[in-house]
Each structure stands twice: as structure tokens, then as C-alpha cells.
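Asks: For the record, the sequence lines run as chains D and H. Reminder that position 136 of the first sequence reads as 136 in full-length UniProt numbering, one-by-one numbering, no gaps. Reminder that position 344 of the second sequence reads as 344 in full-length UniProt numbering, one-by-one numbering, no gaps.
Everything labelled a hint here was simulated from the structure, so no lab data went into it. A couple of the hints might just be wrong.
To be verified - Taking beta-carbon pairs under 8 Å as the criterion, some of the chain H residues facing chain D (in silico):
hint : residue
1    : 49
2    : 51
3    : 52
4    : 56
5    : 229
6    : 277
7    : 437
8    : 439
9    : 458
To be verified - Distance windows between CB atoms, simulated:
hint : chain 1 : residue 1 : chain 2 : residue 2 : range
10   : D       : 237       : H       : 46        : 48 to 56 Å
11   : H       : 421       : D       : 12        : 36 to 44 Å
12   : H       : 218       : D       : 13        : 57 to 65 Å
13   : H       : 63        : D       : 44        : 22 to 30 Å
14   : H       : 421       : D       : 237       : 53 to 61 Å
15   : D       : 163       : H       : 43        : 20 to 28 Å
16   : D       : 236       : H       : 13        : 44 to 52 Å
17   : H       : 97        : D       : 111       : 23 to 31 Å
18   : D       : 191       : H       : 111       : 40 to 48 Å
19   : H       : 419       : D       : 239       : 33 to 41 Å
20   : H       : 186       : D       : 163       : 22 to 30 Å
21   : H       : 197       : D       : 212       : 49 to 57 Å
By construction, the Cβ of each residue, glycine as well, lies at the ideal position given by its N, Cα and C atoms.
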Amino acid sequence: MVDPIKVYPAKPPKVYFYGTCLVDMFYPDAGMAGIQLLEREGVEVIYPEDQTCCGQPAYTSGYHDQARAVAKAQLGLFPEDWPIVVPSGSCGGMMRKHYPALFKDTADEVKAAEIAGRVWELTDFLVNVCHIRLDDLGEPTTVAMHTSCTARREMGVAEVGPKLLGQLKNVNLVEQVRAEECCGFGGTFAVRHPEISGAMVSEKVDTLVNTGAKEFVTTDCGCLMNIDGYAEKNHKPVTGQHILSFLWERTNGDGSKRS
Amino acid sequence: MSETAQQSPHHIDVKEFHPRARAAIHNPQIRQNFRKAMDGLMTKRKSAFEGWDLETLRDLGANIRLRALANLPDLLEQLEQKLTENGITVHWAADGDEACEIVRDICVARNASSVIKGKSMVSEEMELNHYLEEQGIEALESDLGEYIVQLAEETPSHIIMPAIHKNTEEISQLLHDKTGTDLSHDVEYLTANARLQLREKFMNADVGVSGVNFAVAETGTLCLVENEGNGRMTTTVPLCHIAVTGIEKVVPNLEDVTALLALLTRSATGQHITTYFNMISGPRKADELDGPEEVHLVLVDNGRSTIYQDDELLDTLRCIRCGACMNHCPVYTRVGGHAYGTTYPGPIGKILMPHMVGLDEGRHLPTASSLCGACGEVCPVKIPIPDLLVRLRQESVDGDKLHPAKVRGHGAKRSSMEAMIWKGWSWMHARPGMYRMGTSLGARFRKLQPGKFGGWTRYRTAPKLAARTLHERMKERSQ
């Protein structure tokens, strides 16, 4: 459940950046974009070298002993009191919402709860803590946005993405029908129930294509991998990108923007 | 429709979820019927709550249910006492079979040969129709949706709208085949004909069986929410009325009902109020002209008191059976209600049925979710459905040494292969050096990455490993 009221910290001089394993291995550009956006806001980014995975895949599969062992290895990465920012609603949700339950009745209970309280989804942090102002340098384009279910329902940041995109004067944001419906990723769900997941992503891609936008952005690499992978395999005229990559490319001024 | 739906739930192998789900997904009619119906229900719910402080109301609903559950044993005793004072006979049933026998005994004592039924999911749980038929007692459903499902020899595919898997054309054909109505798509005509047939049955039925939405302990009142008037007929026309309900349906007082009712009708069908709201407080009194001579309440446990013993699983019992979780579930919308093979389908079924059929039988139910959280978001009494799904996943693989599994049939899904994979995964991800080495090697040799990953690549391209990991790029940056 989303916190009834979020109490944002004042903009800190430093943050911990928790990159997530999917960003690390598959979408490092999104991670770099997030880091550069934070740095441009004057926030120093600490990237703990020993970070691996938040433990969510094992947790949602029911293997809590294994999830706890991996999550425990992350608990020591944030010794100072800085906020922990995560470029994912899903991994952020795991750390913020589920770590306290995972470590309940263990010696790490207090530490896990303390860390959970410092975890922020990165776009939320950019808007509501950094109060970022974006200067769009890109060509006019139309995009759709898919907010992940965890970003929407666990981290409560559904309004943040559209707010950021709304700051880009040459970006026309269009909304697909049933925007709040799951894309069908769900981690191991996509492998355990491939037909159901396939039916969900095929409808998600259809709704995105029907907006007329040629590209979409999303808060989470799981959804991106799912939606973009389906569109690619089935030759659908839409491609995806992590919202952080999109924001950085359109505002960094070094010509690497896509459109 | 799905072949399995033609049988009694007794004969459905709950474990065979995958083939049923596959069949539904490849059935365009099923897909279209559910998508259209669920889209409509979601829109109606949304507009019904417009202008309401929904979060506050949901908090109130959750707290009312929590308070009732916290005092459940006392409330049940109080309810029994009040009902008895009001002239209602109370029976206790440990499971569905026992509940069926109680109903039979009442019928036999009254020499009854025909039963008319209002809508009741607990009676579905008991498989009452099936049982009574075997005993030579006719049981006819009078809720239009249940009537259609019964004619089709199926089970309900939704807890509020039992025949939602059928469109008008299919229903018209069914009524034509079974009752001889014209092949008309005029809903008014079809409904009027069904009503005619049912009216006659109401007049002749010996016993009426209904469900209960809320049982009020303080006053001994049974509340019944319905739209068609068949509930009122069932509970007032036959000379004997038997209400069946789960033991969790009790609330302390009438005031509690107002909030729950406001939540129930809006969450279920997007109605501000239903056409009928019945408050049953006893049999016909000496000076009254109508109403039943006898009223019974059968309180059914059927696994509920076991759920009640666990502080977390207890939340399952908050449910007021509105069906909003299934209306908003992207999985239910794709596979429909029959794929689950259980009395209660959809998200609530996934967290409730494993307790009724055992987690060995129901092992696939908790996994059939992307954990998107839409169910928990709309639940009028804030049941943390996704958290309970994760809990049951843990139980089904015995995945937590700190919190040993306790649900009947736990551990049935644990395979040594999968356990080994997670152990290996955990070993590597709990060792940062190993993780960095593994992911760097992956990036270096990404061209060797397999192009196929089972079910994933049937629908999508394989995820592509980046040339350099974020770890490598950040390391380079710091040097």
C-alpha cells in the first residue's frame, strides 16, 4: 500500500544510488542517465560498489530464505544517513515496502526498517525533492508513458512521470486506454504463465500503438523488457525507453538526443 | 464454454489451471465477453464513488471488518443468542458436507421436495444443488444469472454475476434450447419469460434457501442485498427459509452495515443502492399475514476458523464478496472465472481457495498473478491481496525457515530443481565480488547469450545484455 502522506526530505548534498540488477546488466544507459540528472541538480551520487540485487525475484517466488540472504547483503551499503534513490518502482517498492516484513523478527529488523524509510523512486525524487526544471532541447515528438504497477501502487508516483514529461515543451504526451492496467511482466509470472502474460502484453502494445506515438517511456526495466520485447518480436511500430534515458537525452545538449 | 465447467466442482482438478487458462485465452468469445463486462464494471464503480472520500470510506470498511473479526467468537455467540430470541434456529456446520446434511434434515422434517434458491456463494461452496438432487430434492436457482448457469449445467464464473461469461446471443440460445423461448435477443422478453417460469416455482417451493451479506449480532438481523427481488421471494414466499452463510459474515451492529453496504454495492456493480435490501429478523409473527413459518441460519466454517488462527491470513476473512478484485484483475479478465476451477475465482479465490481445497490442490492459484496490485487497490475493506499471494507462494514452496509454513498442503510446489536455482542465485547475489565477475563475464560474452528463454521468447525477443555493466561504467568513472 502507498503511504497515506509522503514526507519528502529536504534536498540533500548526497544520495546513494541503487542501480538495480536489470539496469546494471541490461539498461546501464538508464542508470547513467539517472546519475547524470541527479548530478546536474547538484546532488553528489554515491554508487556503492557492492550492490547486487534487492532480492525481489526470490521474494515474489516464495523463496524468502534466499531473498533474505541477498537483501541482507544490501543492508550494509548505506552507512550514512543519505537518501537511497532507485531508478525503479519495483525494486524501490521491494526495499521500501517489503524489507521491513522480510526482516521482521530478525537481528536486522531495525536496520531494514531504517533503510526502507530512506528509499525513493528516482523520478519522484527528481520532482519532489530536487524540484527539477527541465529545458527541452529535442525536436517535437509524441510519446506515451507506461507507469509500472509498483511505481503506481507501491511507490505512489503515477503523477510524477507525466509531470516530468510535461516540462518538455516539444514533447506531446498521449495516454493509452487502460493506462493503469498491468503490462503482464510480473517477474517470474511471465515465465510461469506465459500465455496469460503474453495476452496481457499484446493488448498493452496494441493500446500503445493505437495512441499513434512511435515511442513510449516507462519507469521500470521489467515492463520495458516485456513491452519493447513484444513489440520488437511482433514488428509493432513502437519502441520503448526508460524515462530517465529519455529525459537525459532531451535535455543534456550534447546532441545524443534521439529525436 | 470450458468443458470442465459442465461438471460439479467436485470433479474439477484445480491443479489443471494451465490448460484451462490456455483454452480460455484462445477462445475469442470468452475474451471478448469478459473484457467488455469488466470494462463496464470498472467504469461504473469509478463513477459510483465520484464525490466520495473513497480512502476514508475504505479505511472505515477495513476497520469495521477488523473489529468484527477481532471479536468473532463473542459476536457469533451473541448472534446465536439474538437469533434464537427472534425465533430463528441456528445451526453450525464444520464443512460443506455437514451444512448440506443440515439443509437436508430440515427439508426432510418438513417433507419438502422442492427448494427455491436465492443467490448464495456459500451454497456453491457446499455444492448444495448437487447434493439435494442426489437426495431427490429439486433445487432451482432463482437469481437470473444462477438460473442461466444452472440451465447450462455450469458453475458461476463470477461471484456477483454468475453468467457473465455468456453474451446475450448465447443466453438466448440456451433459454431457447432448455425452456422453449423464442430465439430473441430482446433482454426484456427473455427476462420476462424467465420470471414467468420462476414465479410458478416460487409459489410451489417448500423451502427457500438464501445467502446472507451481513449478520448483525446486536439485533439478530440477517441482511440480504439483491437486485431482482428473487431474494425477497425466496425468503418470504416458501413456508420455510434457510439462510446459509460463512461464520465471518457477522458484524457487531446495524451501524456497521451502513458503511459496508455503501462500499459493497458501489464496488460490486457500481450501484449507489441495490433494488432490494432485505433485513430478516425472524419468522412470521402471530399477527402477520405472510412470511415463512420457520427460519434457519446455517453458519458454515469450512476452513475459516483455521484461517482465523493466523494473524496475517486472517485478513482474507475481511472479504464482503463484492467481486471488485476480479473486475479489476488483468488475469481474471483474460482467463475468465472457470479457468480457476474453484468456487471463488479471481484474486479473492486465489487467497481463499487454497485454504478450502489445500495448497497442494491449489498450488498454481497464488502464482497466477503479476502482483500488479489492482485488486488490493480497489478492495473496499483493504485486504492486502498481493501480500497474501506472496505469503501463499512462500507456503507452497516451504520457502521461509523463519516462518514455517502452516497452510494445509504447504510445500507441494517445491521442486528440488527450482530450489537449487534459487539457492545458486542467492549464493551469487549475496557475494558482490562473484556477482560483479559473473555480470562482467556476461557482458563480455553477450554474443553467446541464448536467443530462447522458454515462455518468454515465445512472445518477445530475448533481453539484450549491455556491452558494459553499470558497475563497470561507474568504476571507470571513479578512476
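Asks: Hint by hint, say whether it matches the structure.
Replies: Status of the hints after comparison with the structure:
no., hint, in the structure
1, 49, "violated, 15 Å"
2, 51, "violated, 20 Å"
3, 52, "violated, 17 Å"
4, 56, "violated, 10 Å"
5, 229, "violated, 35 Å"
6, 277, "violated, 31 Å"
7, 437, "violated, 12 Å"
8, 439, "holds, 5 Å"
9, 458, "holds, 6 Å"
10, D:237 x H:46: 48 to 56 Å, "violated, 31 Å"
11, H:421 x D:12: 36 to 44 Å, "holds, 39 Å"
12, H:218 x D:13: 57 to 65 Å, "holds, 59 Å"
13, H:63 x D:44: 22 to 30 Å, "violated, 44 Å"
14, H:421 x D:237: 53 to 61 Å, "violated, 37 Å"
15, D:163 x H:43: 20 to 28 Å, "holds, 26 Å"
16, D:236 x H:13: 44 to 52 Å, "violated, 37 Å"
17, H:97 x D:111: 23 to 31 Å, "violated, 50 Å"
18, D:191 x H:111: 40 to 48 Å, "violated, 58 Å"
19, H:419 x D:239: 33 to 41 Å, "holds, 38 Å"
20, H:186 x D:163: 22 to 30 Å, "violated, 50 Å"
21, H:197 x D:212: 49 to 57 Å, "holds, 51 Å"
Consistency with the previously given hints fails for numbers 1, 2, 3, 4, 5, 6, 7, 10, 13, 14, 16, 17, 18 and 20, ordered from lowest to highest.
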